[in-house]
Each structure stands twice: as structure tokens, then as C-alpha cells.
Amino acid sequence: MIRGANGAGKSLLLRLLHGLIVPTDGAVLWQGRPLDRTARAAQAMVFQRPVLLRRSVLANLCFALSVRGVRGPARALRADQALARANLSDLAHSPARVLSGGEQQRLALARALACAPDVLFLDEPTASLDPTPTQGIETLIRAARASGVTVVLVTHDLGQARRLGETMVFLQAGRIAQAGPLCDVLAAPRSPALHAWLDGRLYLDTRST
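In this note's numbering, each number is its position in the sequence shown, counted from 1, plus 1459.
These are calculated hints, taken from the structure and not from any lab test. All values derive from a computational prediction rather than experimental measurement. Ideal Cβ positions, reconstructed from N, Cα and C, are used throughout, including at glycine. Worth double-checking, as some hints may not be accurate.
[To be verified] Okay, the calculated beta carbon distance ranges per label pair: (1) H1654 to V1578: 24 to 34 Å; (2) V1487 to D1589: 34 to 44 Å; (3) P1651 to R1530: 48 to 58 Å; (4) L1536 to H1654: 49 to 59 Å; (5) R1530 to R1634: 38 to 48 Å; (6) A1535 to A1632: 42 to 52 Å; (7) A1543 to R1513: 15 to 25 Å; (8) Q1594 to C1642: 15 to 25 Å; (9) R1492 to A1551: 34 to 44 Å; (10) H1654 to G1528: 42 to 52 Å; (11) A1632 to S1548: 38 to 48 Å; (12) A1638 to R1513: 38 to 48 Å.
With the hints as extra help, turn the sequences into a complete structure.
In C-alpha cells, the structure reads:
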């Protein structure tokens, strides 16, 4: 769980970890080795605003699986399973870009999980959603964690952090201000910025940072 004020570097950190941005200093390592295409294939990322192809719901899933080298009956099976998990089977042949915001985000998450990542990066996936679609996204996140996927979640929602988080990293100006088990960090905040956030004095934007 990653938290921090607007501009703290939350989204930037995820992009660095996923290899979308090359660091100007230091290095991102995966299992002790430089982050490369093989390492990135073990990761997936879902953004605040879903990035979907101008294709059907099913075709979006099949394309992602094809890129990962999954073809034939295995691809069809995994796509159908992903649709079922995301409760999107009835919309399989609908254009992805005409879905509601919650449905689009469920599709983006289902597409990421269909690729069987070891690590899933989520950048405020429910920031623009109402409570009901948010609950659907959180259900998928819990199921992913139960299946062994490591989830790294940026969220502006303290309630969501409490519901889903185990470990919390609080960023301030691009640096880790405090980190540890979520319950410990919230019970004994050492960072002045974290104190301010918990007191409601620190502005936390709902947009990506």
C-alpha cells in the first residue's frame, strides 16, 4: 500500500518499478537482477484511467494473452475464465470503450490478471468510481492476493487502505517518510506529514501523481 500527498511521487514510483520510466540515478532490480523484458513479463499494471483497445471486451483479453505467448485453446480458456471472474461474460462481444467506468476498470484488471503476473501494480484503480463498482474492484484484488499475486496499490482512500492493506509506505517529496505494517504505521505515525494526513490537514488529491 502506497500513500502520500499529491506530488509525493506515488505514480512515478510505480512506473519506475514497472520499467515504464528509466531512473536517472540508481537502478530497479528484480530478484537481484536488472529489470528486463523477462522481469516485466512477470508484472502487470493497471492505471487510474483504463487503457483499452478499440476492440471487444473479449478481444482485449485475447490480445493481451497473445502478446504473452498464450494462443489456441489455452488462450480461449483463460480469456473466458477472466471474464467470469470479473463478471463480464455477458459483455464479451461489446465494444470495450462503451462500457461504464466500473466495467472498464474491471476489464483492465481482469486483463492484467489473465496474464498471471507475480506482481500487480495498481495506480488508484477506484479513484473515480462509486461505491458499488469500487466493491467489485476490491473483490478482484482480494481474489488476486488469495491466489498468490503480490499487489502494490496506490490509493487515496484510507478506508480502502484499511480494508486491503498489510504493509504501508508513506511517501513525502519522493522519499519514504515511514513504512511498516499498516496497523503499526497508522497507530504510531512518526512522520509529520503522515500526522498531518491523519489529522486531515494534508491535501491528498484523487488524481494520479
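Are there hints from earlier that the structure breaks, and if so, what are their numbers? none
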